[in-house]
Each structure stands twice: as structure tokens, then as C-alpha cells.
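A.B. asks: Which chain is which? The protein sequence lines are A and B, in order.
First residue of the first sequence: 1, per our numbering; consecutive thereafter.
First residue of the second sequence: 101, per our numbering; consecutive thereafter.
Check before you lean on any hint, since a few could be wrong.
[Said to hold, decoys possible] Interface residues of chain B toward chain A, partial, derived using beta-carbon atoms under 8 Å:
{"hint": "1", "residue": "D251"}
{"hint": "2", "residue": "F260"}
{"hint": "3", "residue": "A264"}
{"hint": "4", "residue": "G268"}
{"hint": "5", "residue": "Q461"}
{"hint": "6", "residue": "A464"}
{"hint": "7", "residue": "K468"}
{"hint": "8", "residue": "Y470"}
[Unchecked claim] One side only, chain A facing chain B, incomplete, derived with CB under 8 Å:
{"hint": "9", "residue": "A9"}
{"hint": "10", "residue": "I31"}
{"hint": "11", "residue": "I35"}
{"hint": "12", "residue": "A70"}
{"hint": "13", "residue": "V75"}
[What the hints assert, rightly or not] Pairwise CB distance ranges (calculated):
{"hint": "14", "chain 1": "A", "residue 1": "V2", "chain 2": "B", "residue 2": "P300", "range": "20 to 30 Å"}
{"hint": "15", "chain 1": "A", "residue 1": "I24", "chain 2": "B", "residue 2": "K468", "range": "45 to 55 Å"}
{"hint": "16", "chain 1": "B", "residue 1": "G296", "chain 2": "A", "residue 2": "R26", "range": "39 to 49 Å"}
{"hint": "17", "chain 1": "B", "residue 1": "V513", "chain 2": "A", "residue 2": "Y5", "range": "26 to 36 Å"}
{"hint": "18", "chain 1": "B", "residue 1": "L126", "chain 2": "A", "residue 2": "A9", "range": "48 to 58 Å"}
{"hint": "19", "chain 1": "B", "residue 1": "P371", "chain 2": "A", "residue 2": "I4", "range": "45 to 55 Å"}
No lab work stands behind these hints: they were computed from the structure.
From a predicted model like this one, the values you see are computed outputs, not experimental measurements.
In this text, a Cβ means the ideal position worked out from N, Cα and C, and glycines have one as well.
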Amino acid sequence: MVPIYYYIALSAVLFALGALGVLIRRNAIIIFMAIELMLNAANLALVAFARLHGELSGQVFVFFVMAVAAAEVAVGLALIVKIFETKQSIDIDQLNLMKG
Amino acid sequence: MWADRLAVLPVIVIGAWAVLLTVADLYIPEHRRRITAILAALGLIVGLVVNLFIQRHNPQTAYFGLAIADGFSSFLNVLFLLSGLLGIAVAHGYLQRQNIARSEYYSLLLFSISGMMLMGMAADLIIVFIALELLSIPLYVMAGFHRDRLDSEEAALKYFLLGAFAGGFVVYGIALIYGATGSTRIAAILSAVQSGSASPILLTVGAALILVGLGFKVAAVPFHMWTPDVYQGAPSSVTAFMAVGAKAAGFAALLRVFLLAFPTLSDKLVPLLWALAALTMIVGNIVAIVQSNIKRLLAYSSIAHAGYILMATVTLGQSRLMADAAAAALFYLLAYLLTNFGAWAVVIALEREEGKGLSIQDYAGLGKKYPALAAAMSVFMLSLIGVPPTVGFLGKFYLFRAVLEGGFVGLAVIGVLTSLVSAYYYLRVVVVMYMQEGEPVVNRDALLHWTAALSAIAVLALSLFATPLFQWATQATLYAAQ
Chain A
1 MVPIYYYIAL SAVLFALGAL GVLIRRNAII IFMAIELMLN AANLALVAFA
51 RLHGELSGQV FVFFVMAVAA AEVAVGLALI VKIFETKQSI DIDQLNLMKG
Chain B
101 MWADRLAVLP VIVIGAWAVL LTVADLYIPE HRRRITAILA ALGLIVGLVV
151 NLFIQRHNPQ TAYFGLAIAD GFSSFLNVLF LLSGLLGIAV AHGYLQRQNI
201 ARSEYYSLLL FSISGMMLMG MAADLIIVFI ALELLSIPLY VMAGFHRDRL
251 DSEEAALKYF LLGAFAGGFV VYGIALIYGA TGSTRIAAIL SAVQSGSASP
301 ILLTVGAALI LVGLGFKVAA VPFHMWTPDV YQGAPSSVTA FMAVGAKAAG
351 FAALLRVFLL AFPTLSDKLV PLLWALAALT MIVGNIVAIV QSNIKRLLAY
401 SSIAHAGYIL MATVTLGQSR LMADAAAAAL FYLLAYLLTN FGAWAVVIAL
451 EREEGKGLSI QDYAGLGKKY PALAAAMSVF MLSLIGVPPT VGFLGKFYLF
501 RAVLEGGFVG LAVIGVLTSL VSAYYYLRVV VVMYMQEGEP VVNRDALLHW
551 TAALSAIAVL ALSLFATPLF QWATQATLYA AQ
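Just need the whole structure built from these sequences, with the hints factored in.
C.D. replies: Structure representation (C-alpha cells):
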């Protein structure tokens with residue numbers, strides 16, 4: 001059996017990649033994908049820990065996280081499409097109407 | 101089973117009302133928009149009555165310990181339902197003037213409030229996460245409600261991306277805490293932490309990640325970058341609502357999770373919380389000085405106030421004080437609710453189409469032409485500074501007292517000094533209103549003027565009856581979910 005540390009290490013790497021992606025990338029869709037990566041890193045950790053503790057609530061939580069992520073996709077993509085219609089761009093560096 | 105449903109009845113009422121309102125709205129003709137608003141307000145009043153009737157002093161857990169109904173949650177329910185009512189009052193005329201009077205606004209508002217109420221009742225980290233998203237997702241949509249204007253769209257996208265980012269931190273933090281303790285129940289986490297069976301590294305990192313996520317939600321420095329832009333770009337009625345509601349819900353989770361689950365981690369978490377509170381007060385108040393747009397000014401003011409409320413969390417681990425500090429935070433949130441909605445009602449009264457009328461200079465001459473409105477605004481500004489005899493002063497007084505009793509003199513000094521700094525930019529608004537000549541344009545919107553007037557009276561009057569209110573907040577202190 002693969003030791004639990006491998007799963008946790010992988011999920012930590014995925015989470016770090018996701019967080020870095022949000023901070024570094026400028027395309028709204030890519031940022032959004034990076035956020036999804038963070039959520040899935042958490043899902044991996046939850047499933048691994050649920051296995052470790054021999055308890056189900058971690059796995060149940062994963063379903064909730066996936067459902068919430070789906071709801072976020074619906075709202076997020078709608079917003080991104082709307083911005084693209086107005087601006088013909090989803091580069092977040094160009095979203096600079098407000099300053100100060 | 102029925103006892104469970106009874107315990108969470110206020111949330112069920114608001115959630116079901118939101119669903120029914122969405123459907124009923126299809127049968128309400130377009131020129132009768134007012135009916136939707138009235139129905140939504142009615143739902144909130146029903147929620148308030150239900151909350152009053154099932155209010156109890158013995159905490160009651162529901163659904164196998166997922167949720168808990170106690171004094172803390174019923175106090176917060178009152179707060180959220182009140183902010184919903186005021187939110188409808190300031191929104192109704194504003195949406196019509198801005199040509200965005202679409203009735204899904206009120207359903208979204210109710211959905212968001214049901215999420216906030218669930219947050220106050222959360223006794224399990226899974227519920228904390230679900231409530232966080234339930235309150236946030238409608239707010240993302242509402243921030244972009246002015247969908248033909250780029251600044252509103254921009255605000256919505258920024259709020260959405262940073263809100264989802266914060267959500268990621270919260271989930272990962274919960275995953276690590278689950279890994280350390282084997283449970284997501286706050287009570288089970290507490291016993292695992294106290295027995296010492298939990299890995300301290302996983303626990304501390306997990307708690308820190310949750311703190312980051314909730315820090316975004318309550319707009320604590322350094323997680324505040326989105327706040328000014330979102331508050332400025334979103335329709336003003338939405339900003340007024342989210343400045344109070346989302347912040348109060350974030351603090352509900354922060355107080356419940358941190359004070360209840362992690363008191364034994366206090367040696368690691370208290371310095372973090374101390375620094376967060378101090379930074380938030382300093383940055384919020386100092387950057388507010390240079391703002392010329394009233395919406396941005398109030399955004400930075402809301403960051404600064406998040407800092408003051410964060411002070412309550414540094415009493416973590418001092419069990420005798422925690423209840424007092426939590427009560428002070430609840431009282432402060434109530435004071436902030438009244439003051440903030442009043443101030444936003446005045447801002448909305450002066451806002452014209454295309455985002456005009458939002459500069460502080462547009463308030464010149466208000467004192468002469470509209471003395472009542474200017475007087476109300478002055479009361480709100482004084483309450484935001486924390487000058488007696490306003491409710492804002494008592495909020496600060498109780499908070500500082502709790503912090504001083506906890507032995508955090510340095511933090512209290514920072515709080516007092518930054519309050520002095522804040523007097524400069526709040527009083528500038530008053531000076532412009534009374535000392536400068538101008539021709540301010542004010543919308544004729546009776547509901548808005550009543551909201552401002554009643555809030556001003558409440559801000560003054562509640563400072564006289566603060567003791568019973570504070571006792572109510574003290575009774576509302578936290579109980580561990582068993």
C-alpha cells in the first residue's frame with residue numbers, strides 16, 4: 001500500500017501550484033482553473049485522510065466540495081463571458097477601471 | 101428529527117422563502133416589482149418572528165451535531181435579518197433609478213442571508229464551508245448586477261476570483277485539520293486537540309489556512325486588496341449589504357471556530373491574530389485618508405473596522421475573557437450594522453446615474469440645503485469614529501475593555517491611535533457638508549430618507565440603552581457543540 005505521506009505531499013504540491021497559478025497567471029480562465037486545482041488538492045487530501053482514519057465524513061465532504069465547485073463554475077463562467085462581451089479580453093491586468 | 105428541524109427553522113424559513121419567491125416572481129407582472137420587494141421583506145420579518153419564538157438559552161444541536169442553535173446563532177440571526185431588511189429598504193428605489201430593477205435581486209439577497217444564518221449555526225467545518233459558499237455565490241452575482249457597466253462587471257469578477265481563492269484556502273485548511281484530528285465536528289476537534297493526539301503541525305497550518313480564507317472574507321489586511329475595487333464597482337445597495345452581512349458572517353465563523361476549537365493553540369495563533377488586527381487597523385485607517393471617492397472611503401473604513409473586531413480574537417485561550425470578547429464583537433457588529441447602513445443610505449441618496457455624485461466634494465452644501473440628511477450623516481461619521489454619545493463609541497469601549505483585560509495594552513494603544521487618525525477623514529466629510537458652498541442633488545426616495553433617519557435615531561438612542569443590549573450579547577456567548 002502506498003503510504004499516506006505520498007498522497008499528502010502530492011496534494012500539498014498541487015495546492016501550491018494552484019495558489020501560484022492564481023497569483024502569477026493573468027488570464028481569468030487560467031486563474032479559475034488554478035482555483036479548481038486548489039479545491040481538488042484539498043479533495044485528494046480529504047480522501048487520503050478519510051482512508052487513514054477509516055472514517056467516511058472526509059469522503060462525504062469531497063462531494064460537497066465538488067457540488068460547490070460546480071455552482072462556482074456556473075457563476076464564474078457567466079461573469080467571464082459577460083466581461084469578454086464588453087471588453088473583448090479577459091486579461092485581468094486590463095481590469096483596471098478603479099484605482100486608489 | 102422534528103426537533104432538528106425546529107432548531108434550524110429560521111434558516112429553513114429564509115431558504116424556502118427564497119425558492120418560493122423565485123417562482124412566485126414569474127407570476128408578478130413587470131410593473132408591479134414592488135410586490136416582490138414587499139414579499140421578500142415579509143419573509144425576513146417571518147424569519148425574525150420565528151427566531152424570536154425558538155430563541156433558547158440552552159444550546160441545542162441538530163442533525164447529529166452538524167448545526168447548533170444557541171444564543172450566539174440567534175443573536176446573529178437577528179443581525180442578518182435586520183441587514184436584509186435594511187438592504188431591501190436601500191435597494192428598492194436605487195435599483196429603479198439605475199435601471200437595474202430586476203426582481204431576482206431579492207431572491208439572491210434571501211439566499212445569501214440563509215447562508216449567513218447557517219454560518220452562525222455551524223458546528224461542523226463542513227457546514228462552515230457550505231455556508232461560506234451559500235452566502236458568497238449570490239453576492240458575486242449581486243456585485244455584477246449592473247451588468248451593462250464595466251465597473252460592476254469588473255467588481256464581480258474580482259470578488260468572484262478572490263472569493264473562490266479564499267474558499268480554496270478554507271477547504272485545504274479544513275482538510276488538514278480533519279487529517280490531524282479525524283473529525284470535522286468542532287467539539288470533536290476540541291477534544292482531539294486537548295487530548296494531544298492531534299499532530300500540532302497539521303493543526304497549526306490548517307488553522308492558519310482557515311484564517312487566511314476567512315481573512316479574505318472579512319477584508320483583513322493583507323487580504324484586503326479586492327475590497328476597495330469591489331465596494332466601488334458594485335451597485336451601492338449591494339455594497340451596503342455585503343459590507344455588513346458578509347463581514348458579520350465571516351466573523352461568526354472566525355469566533356466560533358477559533359475560540360471554540362483552537363484554544364490550546366493560542367501560543368501560536370495569538371501572535372498571528374495580533375499582527376493581523378494591528379495591520380488591518382493601521383493600513384485601513386491610513387489609506388482611507390487619501391480617498392476622494394466616498395465609496396472607496398467607506399470601503400477602507402470597513403477594512404479598518406474589521407481590524408477592530410479582529411481584536412476580540414486575541415483573547416483566544418483565556419477562557420474567562422473569551423465570552424466577554426465575543427460579546428463585545430457581537431455588539432460591535434450590531435453597532436456597525438446600524439451606522440454603516442445609515443451612511444450608505446445617505447450615499448445612495450446622493451448617487452446619480454453613471455456613478456456621479458460619489459465624490460466627497462459632491463457633499464458640499466448639504467448642511468444648508470438638506471439639514472436633516474447632513475445631520476444624519478454627521479451622526480454616522482461620529483459613530484464610525486467612536487465619539488460618544490453614539491453606539492459606535494460603546495462598541496469600541498467594550499472591545500477595548502476586553503482587549504485590555506486580556507493584557508494586550510499594545511494592541512489597544514494601536515486601536516486608540518488609529519481611531520484618532522480615522523477622525524481626520526470622517527470629519528472631512530462633515531466639514532465639506534457644512535463649511536463648503538455647493539449645490540448637492542438629492543434623490544427623492546422616501547424609503548431611503550426614512551432609513552437614514554431611523555438609523556441615526558437608533559445610533560443615538562441605543563447608546564443610552566446599551567447595557568441591556570450588551571447583556572443580551574453576553575448571554576449570546578458561545579457554547580461548545582456537544
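A.B. asks: Confirm or reject each hint.
C.D. replies: To see whether the hints hold, each was checked on the structure:
{"no.": "1", "hint": "D251", "result": "holds (5 Å)"}
{"no.": "2", "hint": "F260", "result": "holds (6 Å)"}
{"no.": "3", "hint": "A264", "result": "holds (5 Å)"}
{"no.": "4", "hint": "G268", "result": "holds (3 Å)"}
{"no.": "5", "hint": "Q461", "result": "violated (15 Å)"}
{"no.": "6", "hint": "A464", "result": "violated (20 Å)"}
{"no.": "7", "hint": "K468", "result": "violated (29 Å)"}
{"no.": "8", "hint": "Y470", "result": "violated (27 Å)"}
{"no.": "9", "hint": "A9", "result": "violated (13 Å)"}
{"no.": "10", "hint": "I31", "result": "holds (6 Å)"}
{"no.": "11", "hint": "I35", "result": "holds (5 Å)"}
{"no.": "12", "hint": "A70", "result": "violated (11 Å)"}
{"no.": "13", "hint": "V75", "result": "holds (5 Å)"}
{"no.": "14", "hint": "A:V2 x B:P300: 20 to 30 Å", "result": "holds (25 Å)"}
{"no.": "15", "hint": "A:I24 x B:K468: 45 to 55 Å", "result": "holds (53 Å)"}
{"no.": "16", "hint": "B:G296 x A:R26: 39 to 49 Å", "result": "holds (46 Å)"}
{"no.": "17", "hint": "B:V513 x A:Y5: 26 to 36 Å", "result": "violated (46 Å)"}
{"no.": "18", "hint": "B:L126 x A:A9: 48 to 58 Å", "result": "holds (52 Å)"}
{"no.": "19", "hint": "B:P371 x A:I4: 45 to 55 Å", "result": "violated (31 Å)"}
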